[in-house]
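Chemist: We have chain A already, so just place chain B on it with the hints.
Here is how the chains run, residue by residue.
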Amino acid sequence: MALIRHCIIDITTNTVVNIIEYETVKSGTADGLEEHLICVQSDKGQIGASYNNGKFVNPIPSSITLK
Amino acid sequence: MTTIIDGTSGITLSGSTNQITFNDSSTQISHAVPQITVYLSSSGTYTVPTNAKYLYIKMVGGGGGGAGGNNGGNGGSGGNTTFGSSFLTTNGGGGGLIASNGTVGTGGAATINAGATGIALAGGQGSGGTGQSAATAGYQVSSPGGNSAFGGGGSGQENAAGGAGATNTGGGGAGGGGAVTVANVGGGGGAGGYIEAYITTLSASYSYAIGAGGTAGTAGTSAYAGGVGGSGAIIITAFF
Chain A
2 MALIRHCIID ITTNTVVNII EYETVKSGTA DGLEEHLICV QSDKGQIGAS
52 YNNGKFVNPI PSSITLK
Chain B
14 MTTIIDGTSG ITLSGSTNQI TFNDSSTQIS HAVPQITVYL SSSGTYTVPT
64 NAKYLYIKMV GGGGGGAGGN NGGNGGSGGN TTFGSSFLTT NGGGGGLIAS
114 NGTVGTGGAA TINAGATGIA LAGGQGSGGT GQSAATAGYQ VSSPGGNSAF
164 GGGGSGQENA AGGAGATNTG GGGAGGGGAV TVANVGGGGG AGGYIEAYIT
214 TLSASYSYAI GAGGTAGTAG TSAYAGGVGG SGAIIITAFF
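Protein sequence lines correspond, in order, to chains A and B.
Residues 2 to 68 (my numbering) make up the first sequence, in order.
Residues 14 to 253 (my numbering) make up the second sequence, in order.
Just chain A, same shape as in the assembly (with noise of 0.2 Å):
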């Protein structure tokens, strides 16, 4: 069985803090998540992402330019 990506999601700083994968789609707080946690299916959302309106803005990733 495929399984579905969703972004947790901390409702007080609406960030980001875990990606997990169920069997179905949910919403809102999933079974053994604090109050706090909220699920949001999304195949982009990363860890540090910023949540606003069904939207993430993902964390720009550390670089180093090579000379």
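None of these hints come from the bench; they were simulated from the model.
Just so we're clear, the structure is a prediction, and the values are computed from it rather than from any experiment.
One thing to keep in mind: the hints can contain errors.
To be verified - 30 Å max Cα-Cα, derived DSBU-like pairs, lysine-lysine:
hint, chain 1, residue 1, chain 2, residue 2
1, A, LYS27, B, LYS71
2, A, LYS45, A, LYS56
3, A, LYS45, A, LYS27
4, B, LYS66, A, LYS45
5, A, LYS27, A, LYS56
Modeler: Chain B alone, transformed into the frame defined by chain A:
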């Protein structure tokens, strides 16, 4: 009073299912076999079995995804695997980084807080992306993902997408390769952290979550995507 039982023909406790209970209910003798529970995805609540004396936990975070070849996209970090609230945590590995970044995919950390005893191991690093002069470019093996304590790091490949981290090992995905003219291959994702711990003072239940594997970095021009990271897992053995 001391009671001596003649056990020559064995002793049968006809009214008992699996135990002898002393006045001190914390010291019970049981022949119940250990109860093993394995979680491979999602989140939920683990309920400690009745009369369990202690738990033995093995857990791993998700592996980071590999970066895309030819400076495509970085891989995504793996998810964190948790047991209890701020109790046992194995972080996901960092995503693999594109060759122009030049650094490794970090291994996930692991933390055991008060109430459990064991070892907490960081995941292995994913190899950094590499480049070479385009003038001398030939097929180049991409960078492998890091191994967790369960292994499972994806292998680097020539002219192909990076190998995926093995499912439920927390291994990192490998970076993506490229065509013969491509000078840069993607870096591998780091592996998830690992914990092996005993809990001897038990709560009635524990929340848990299994970290997902990190996403694969997108492919650059004339190159291939990285491999996805391996997801995490928890194995719980309850002893009676």
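Chemist: What's the verdict on LYS45/A and LYS27/A, does the C-alpha distance respect the 30 Å limit or exceed it?
Modeler: With Cα atoms ~16 Å apart, LYS45/A and LYS27/A stay inside 30 Å; holds.
Chemist: Take the C-alpha atoms of LYS27/A and LYS71/B, compute the straight-line distance between them, and say whether it is at most 30 Å.
Modeler: Cα-Cα ~26 Å, so holds.
Chemist: With a cut-off of 30 Å on the C-alpha distance, tell me whether LYS27/A and LYS56/A pass.
Modeler: holds (17 Å)
Chemist: Could you grab the alpha-carbon distance between LYS66/B and LYS45/A and see if it respects the 30 Å cut-off?
Modeler: violated (42 Å)
Chemist: Between LYS45/A and LYS56/A, is the straight-line Cα distance small enough, at 30 Å or below?
Modeler: Distance of about 10 Å is within 30 Å: holds.
Checked against the numbered hints above, the structure violates only hint 4.
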